[in-house]
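Undergrad: Quick note, the sequences are listed as chains A and B, same order.
Our numbering puts the first residue of the first sequence at 1, with every later residue one more than the last.
Our numbering puts the first residue of the second sequence at 1001, with every later residue one more than the last.
Since the hints were derived computationally from the structure, they do not count as laboratory data.
Glycine is no exception: its CB is placed at the ideal position from the N, C-alpha and C atoms.
Accuracy of the hints is not assured; some may be wrong.
Claimed, not checked - Label pairs and their computed distance ranges (CB to CB):
id	chain 1	residue 1	chain 2	residue 2	range
1	A	Asn106	B	Phe1014	42 to 52 Å
2	A	Ala18	B	Glu1237	17 to 27 Å
3	A	Met102	B	Ser1149	58 to 68 Å
4	A	Pro107	B	Tyr1095	18 to 28 Å
5	A	Lys286	B	Thr1305	25 to 35 Å
Unchecked claim - Just a few of them, taken from the derived set where beta-carbon distance is under 7 Å, the chain A residues facing chain B:
id	residue
6	Gly160
7	Val189
8	Thr190
As the list claims (entries may be wrong) - Computed cross-link-like contacts, DSS-like style, restricted to lysine-lysine with a CA-CA straight-line distance of at most 25 Å:
id	chain 1	residue 1	chain 2	residue 2
9	B	Lys1257	A	Lys205
10	A	Lys204	B	Lys1122
11	A	Lys267	B	Lys1195
12	A	Lys258	B	Lys1033
13	A	Lys197	B	Lys1007
14	A	Lys275	B	Lys1192
15	B	Lys1257	A	Lys200
16	B	Lys1238	A	Lys268
17	A	Lys52	A	Lys80
18	A	Lys275	B	Lys1084
19	B	Lys1195	A	Lys204
20	A	Lys92	A	Lys204
21	B	Lys1010	A	Lys123
22	B	Lys1007	A	Lys267
23	A	Lys330	B	Lys1122
24	A	Lys204	A	Lys132
25	A	Lys268	B	Lys1022
26	B	Lys1238	A	Lys267
27	B	Lys1238	B	Lys1192
28	A	Lys267	B	Lys1122
29	A	Lys32	A	Lys110
30	A	Lys258	A	Lys330
31	A	Lys258	B	Lys1192
32	B	Lys1007	B	Lys1257
33	B	Lys1122	A	Lys268
34	B	Lys1007	B	Lys1084
35	A	Lys52	A	Lys92
36	A	Lys258	B	Lys1257
37	A	Lys267	B	Lys1033
38	B	Lys1306	A	Lys32
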Amino acid sequence: MEKILEVRDLGISFHTYAGEVEAVRGVSFYLKRGELLAVVGESGCGKTVTSKSIMKLLPDSTVEIKKGSEVRFEGRDIIKLGERELEKVRGKEISMIFQDPMTSLNPTMKIGDQIGESLMIHKKLSRREARKKTLEMLAMVNIPDPEERIDSYPHEFSGGMRQRVMIAIALSCEPKILIADEPTTALDVTIQAQIMKLIKNLQKKMGTSVILVTHDLGVVAGSADRVQVMYAGKVVERGTTDEIYYNPKHPYTWALLKSVPGAGSQKKSELYSLKGTPPDLMNPPKGCPFAARCDYCMSVCIEREPEETVSSGTHGVRCWLQHPMSPEVKNPITGGVR
Amino acid sequence: MRILEVKNLKKHFFPGGGEVLKAVDGVSFHIDKGETLGLVGESGCGKTTTGRTILNLHEITEGRVIFDGIDVGASRRGVRRELKKRMQIIFQDPYASLNPRMTVGDIIAEGIDIHRMYRGIKRQERVRELLDLVGLNREHAGRFPHEFSGGQRQRIGIARALAIEPEFIVCDEPISALDVSIQAQIVNLLIKLQKELGLTYLFIAHDLSMVRHISDRVGVMYLGRLVEVAESEELYEKPNHPYTQVLLGSIPVPDPKTAREHENIEITGEIPSSLCPPSGCPFRTRCRYAMEICSVQNPPLKEVTKGHYSACHLNDKK
């Protein structure tokens, strides 16, 4: 499959009064046409900043995109595009849905107008055509009685319904890439299951490529083609979904997988938990960013940052344990050695 | 020994226009001393209101809450004050529940001051002791909430709840706002404190796998009613109520092969408004087994197997 998006060496810093926060530090990845890539990590790991930079949605005043960063969408570098050209990409070629459906809709506009807006701008549809297409979109995201609901305001919808409206807006112009930033975090499990199924179905039906940003490894197991795990502004492990779940190699991925209590876990026993908190990106550590919390930390980890070790064409990991000279360690997920 | 008994508890709100919002509508359960009862359900099902009404943070509309033999709703002011010392709460949002203008030490000691438990050096010692207990540093007492991360703030909230040595704590979604790796830290802390201090918990959450881990028994709420309650293993292995079945079926499985193969029983539609709940069984509008009787009569909570209660008409057919 052809790569529709390629991010190379992306570096993003925020300039605050207290100093420079290096939120994303050299991230490279690609997205193939029609695939679903999950970006997993905890708050502050840079996953949202990375996804926003793909649409260049970060404020220019405080954000610095480091020199040499590239976001290539169908060959064009998005970072170099001007505001006018970006407007043609945003919403039409690449669109985004956000975590909080409550605040990302305009409370003073009918939802039908909010969906139709982008159709009229990008697809140059007339008001009547846009309305017809909007009705189709509402039906597609399974909103009951679209004829009636098209003239409702966001406050008349529940959280799950608002997220459906957001998806309808995002997909109305049939974008090539959909970026979903924690689309189900604010929703209940039952609704989460519905929304995930909807995204997966629409992705298959329309052939859209999806980047799904989440902190929950459980949510993406059934839907993602590939997964990349981020920590402290870096991609620490990437691979196909099966590689990440069945043969994870980075201690941070192990920790994420182990922190979910399984059905067989002894009740009220101590859950596996990571010590401490992620590093302060105002002064990022010189070695591996995970070293301070890692159970397998060696002296080299504090001194030098590991390069990516690629084991199969798709599976890459940044960890010194992969080095042939490192001691052998039992993998707590597979039970195998190293 | 029963420490808390809730009998047919109702909490209705009156939003105006003659409407009645039945947030909690006839809920009964008990909690034994040293036990953890988990309470799960979708947002708007009344689980938080139940927790708050038990603590008398909302006035009881109908029914009774009996804590250690004392009727919480009917007690006089002096007794209520004593009760507040014995029952505490940990809130969901560690950002909104700490006063940003108070130091951590003063936040933790607020209850100590109100109940005039310790003063001067003793008060300081107690604050340090509490900081140790929840895994924070003693120097943190002089800092302000904004200097802490979400997990640390939740530890401050726990220290505040523990300050006046309560016996019973309502944990109102204490981990929902936290990252996965931090959630495990807080759950471990709560389990440790329960073992050391003999605490009793009402653990309200929507993360079903964490609830299973921490609870001895679990209750499932839907639209202001308790639809099922059982020992946690029993509930997760053999859910009886159709709602519990779909709720458990919606838990994401962190295993790609199982997740791809198992086509979960999808629940259609959303939770109806508590302003105009369906007649009869509250779940009938989304239930795939709904029968005629379900729209007429609300099924009472009945024992299906020992200690396992469920409110569903299907159990009468068998």
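Undergrad: Would you check whether Val189 (chain A) satisfies its interface hint, that is, whether its CB is within less than 7 Å of any CB in chain B?
TA: holds, 4 Å
Undergrad: For a C-alpha distance cap of 25 Å, please report whether Lys32 (chain A) and Lys110 (chain A) respect it.
TA: Measuring from Cα to Cα gives roughly 35 Å; hence the hint is violated.
Undergrad: Taking only the CA atoms, is the gap from Lys1007 (chain B) to Lys1257 (chain B) under or equal to 25 Å?
TA: Violated: Lys1007 (chain B) and Lys1257 (chain B) sit about 45 Å apart, past 25 Å.
Undergrad: Below or equal to 25 Å on CA atoms is what counts here, so check Lys258 (chain A) against Lys330 (chain A).
TA: Within the cut-off at roughly 14 Å; holds.
Undergrad: Is Lys1257 (chain B) close enough to Lys205 (chain A), meaning Cα to Cα at most 25 Å?
TA: Holds, at about 22 Å.
Undergrad: If you draw a straight line from the CA of Lys1007 (chain B) to the CA of Lys267 (chain A), is it 25 Å or shorter?
TA: At roughly 28 Å apart (the allowed maximum being 25 Å), Lys267 (chain A) and Lys1007 (chain B) break the hint.
Undergrad: Just to be careful: measuring from the Cβ of Thr190 (chain A) to every Cβ in chain B, is the smallest value less than 7 Å?
TA: holds, 5 Å
Undergrad: Quick check on a hinted range of 58 to 68 Å for Met102 (chain A) and Ser1149 (chain B), using CB atoms only.
TA: Cβ of Met102 (chain A) to Cβ of Ser1149 (chain B): about 24 Å, so the range 58 to 68 Å is violated.
Undergrad: Please check whether Pro107 (chain A) and Tyr1095 (chain B) have a Cβ separation lying inside 18 to 28 Å.
TA: holds, 23 Å
Undergrad: For the pair supplied as a hint, Lys204 (chain A) and Lys1122 (chain B), confirm whether the alpha-carbon distance does not exceed 25 Å.
TA: violated, 65 Å
Undergrad: Given the hint that Lys52 (chain A) pairs with Lys80 (chain A), does the C-alpha gap stay at or below 25 Å?
TA: Judged against 25 Å, a Cα distance of about 15 Å means the pair holds.
Undergrad: Holds or violated: the 25 to 35 Å window for the beta-carbon distance between Lys286 (chain A) and Thr1305 (chain B)?
TA: Violated, at about 60 Å.
Hint violations for this structure: numbers 1, 2, 3, 5, 10, 12, 13, 18, 19, 21, 22, 23, 25, 27, 28, 29, 32, 33, 38, all remaining hints satisfied.
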